[in-house]
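Trainee: Sequence:
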Amino acid sequence: MAQRSIALYRSILRESKGIADYNFRSYASRRARLGFEEARAVGAEDAARLYEEGQKTLGMIRRQALLGQWYNPGDQNVMEYLQLGITTTDKQPKYHGVSTVEATAGVSLFKKTSGS
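In this text, residue positions in the sequence shown follow this note's numbering: the first is 114, and each later residue adds one.
Quick caveat, the hints were computed from the structure, so don't treat them as lab data. Worth double-checking, as some hints may not be accurate.
Said to hold, decoys possible - Taking lysine to aspartate or glutamate pairs in the EDC-like style, the calculated list, with each CA pair at most 20 angstroms apart, reads: (1) Lys169 x Asp159; (2) Lys169 x Glu158; (3) Lys169 x Glu150; (4) Lys130 x Glu158.
Note that this is a predicted model, so its numbers are computed, not measured.
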């Protein structure tokens with residue numbers, strides 16, 4: 114059962130990498146890690162039930178990855194730009210009107226008006 118559980122865990126992580134949106138992708142991998150850490154201490158009778166739940170979760174992640182590929186608008190998250198190593202403002206496209214360098218530097222996106 115342990116080898117099957119490890120294989121399931123690796124499959125979930127592999128499939129979660131295929132999710133287009135950064136937030137969903139990081140949530141899926143984080144939730145898988147936490148779920149398997151919590152399941153370490155369960156008995157044999159609960160292990161079979163949790164394995165079945167993991168199979169359902171794997172199917173859900175596969176569907177989410179497929180739907181994300183169909184409907185992905187192509188915008189990348191600020192964190193994805195940083196993971197790619199893009200750090201100069203001349204190479205970074207504007208993301209909702211603000212470059213990723215400005216967004217990660219903590220520049221305020223909302224300016225106060227004089228009447229506030």
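Trainee: When the structure is checked against the list of hints, which entries are broken? Sort them ascending.
Mentor: Those not satisfied come down to hint 4.
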